[in-house]
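2 protein chains.
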Amino acid sequence: MKNKPLILITNDDGIHAKGIASLVEAMKDFGDLVVISANESYSGMSHAITVKTPLYLKDMGTKNGVRYYMTNGTPVDCVKLALHTVLDRYPDYIVSGINHGSNSSTSVHYSGTMGAAREGALNGIPSLGFSLLTYEPDADFSSCYQIVKVVFEDVLKNGLETGVYLNVNIPYTDKIKGIKYCRQGKGKWVEEFLERTDPRGRKYFWLTGHFENLEPNATDTDEYYLLNNYASVVPCTIDATNIDSLKKNKNYEL
Amino acid sequence: MKNKPLILITNDDGIHAKGIASLVEAMKDFGDLVVISANESYSGMSHAITVKTPLYLKDMGTKNGVRYYMTNGTPVDCVKLALHTVLDRYPDYIVSGINHGSNSSTSVHYSGTMGAAREGALNGIPSLGFSLLTYEPDADFSSCYQIVKVVFEDVLKNGLETGVYLNVNIPYTDKIKGIKYCRQGKGKWVEEFLERTDPRGRKYFWLTGHFENLEPNATDTDEYYLLNNYASVVPCTIDATNIDSLKKNKNYEL
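So the sequences go chain by chain: A and B.
Everything in the first sequence is counted per this note's numbering, starting at 1439 for the first residue and increasing by one.
Everything in the second sequence is counted per this note's numbering, starting at 1439 for the first residue and increasing by one.
These are calculated hints, taken from the structure and not from any lab test.
Hints should not be assumed to be uniformly reliable.
Copies of the same chain look alike in the list, so a pair counts if it fits in one copy or across any two.
As the list claims (entries may be wrong) - Here are the simulated EDC-like pairs of lysine to aspartate or glutamate, each with C-alpha atoms no more than 20 Å apart in a straight line:
(1) Lys1496 to Glu1478
(2) Lys1624 to Asp1682
(3) Lys1641 to Asp1470
(4) Lys1442 to Glu1591
(5) Lys1490 to Glu1478
(6) Lys1496 to Asp1636
(7) Lys1688 to Glu1463
(8) Lys1442 to Asp1658
When you get a sec, could you build the whole thing from the sequences and use the hints?
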């Protein structure tokens, strides 16, 4: 009898988020699930690790055959704790999300959800992150289930290249047309800071902003497909090298 | 008369670190410098942004013609505050570091120093991060000056491709042979958690580990050159797409 795969589930919206409960629901038939997530939201934490404060880990018990652990760490801390402290062996897969809000285009760099998936890839584990394009805490995630299943079944069947992880974004509509594997669109956050004054008279700032698609005419990017009601899958690499830059073959002897 | 370039300096070891003072020293003749950094160390903060606590900004005045600002934010917050609140215009260059400790290979993903450089690239600004391969707070950074100058002069002269930022690592020796532009080596952190018990009887964990070069026989990686007393320059891209994965041309209609 073949053992079921061991699948680690995590996110950056915290253990109480609807998104992670929805991911557990979508993934429950694929293997033995272990969930590790934080006591609160760690959005925007990217690939951060906690080095200055101690990490706590709480066994939250088993519900419907799924084991739950809670930490005070970032999504990447969650993965590291799972690999080195919680699990008896490395998981076969790591699946992160479902994030409340888009992580398409260059948002992949800010996302804690995608940090967890990247950390999986850095450890040689096939890893995926899912995000739904709405920030509503009580959003309807049911349209995600089919996307999660189709994309994960493809990974089960075909695997992922070493060092590659998937950034999957899902439009918030019940009319999803399909799933497109595509490149990361060029885009940036257009930001400003709200300026306030605290009761002690000190100025303080809140970051605010909106995402801008810098390739509005491209028809092969995640941004394009999401706008056209497709789920987008960007295969991402842990190798940040821009190989083209090396063709200039610049070196200096000192 | 041509205006001097405006150069933003930041780091992740905090405003009082020797590394950032050394970077100011190395960069002072290249343009008008503005320094923005944090009140304490933000190592391991990657590309994190602060979304749950307010950011404060303190004008620390001018020393030797260089303007200093201090924040309570991450390195990426520092860049965003500088672009949107501190500076009258976008800087011509962003230079981050000099980090106390290596950011070679896959450490680029954890590094706050490199987060700041990536944030510059995301905003279309030629950006570089420098790291010295020692964690000594009082390390001798004088061997870095020539490397900083040669690499920055090359950027001044030739520019950087849009979306590309440089990850420069410098061996801790006074016998540096030269500077090699090269690819990011494959490597990972081999980690464990130190387990302790706090005075209230709760277990807690500290992350600890060491870096492992997964390509010990490669002769074209940053790891190889650093071991051989060269400074390494990896041109990194903000485009995380693994283009090879897309050749399979997988799509699903629903």
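Status of the hints after comparison with the structure:
{"no.": "1", "hint": "Lys1496 to Glu1478", "in the structure": "within (13 Å within a copy, 29 Å between copies)"}
{"no.": "2", "hint": "Lys1624 to Asp1682", "in the structure": "both (18 Å within a copy, 18 Å between copies)"}
{"no.": "3", "hint": "Lys1641 to Asp1470", "in the structure": "neither (50 Å within a copy, 26 Å between copies)"}
{"no.": "4", "hint": "Lys1442 to Glu1591", "in the structure": "within (14 Å within a copy, 56 Å between copies)"}
{"no.": "5", "hint": "Lys1490 to Glu1478", "in the structure": "both (18 Å within a copy, 11 Å between copies)"}
{"no.": "6", "hint": "Lys1496 to Asp1636", "in the structure": "between (35 Å within a copy, 14 Å between copies)"}
{"no.": "7", "hint": "Lys1688 to Glu1463", "in the structure": "neither (52 Å within a copy, 25 Å between copies)"}
{"no.": "8", "hint": "Lys1442 to Asp1658", "in the structure": "neither (36 Å within a copy, 40 Å between copies)"}
Consistency note: the structure conflicts with the earlier hints numbered 3, 7 and 8.
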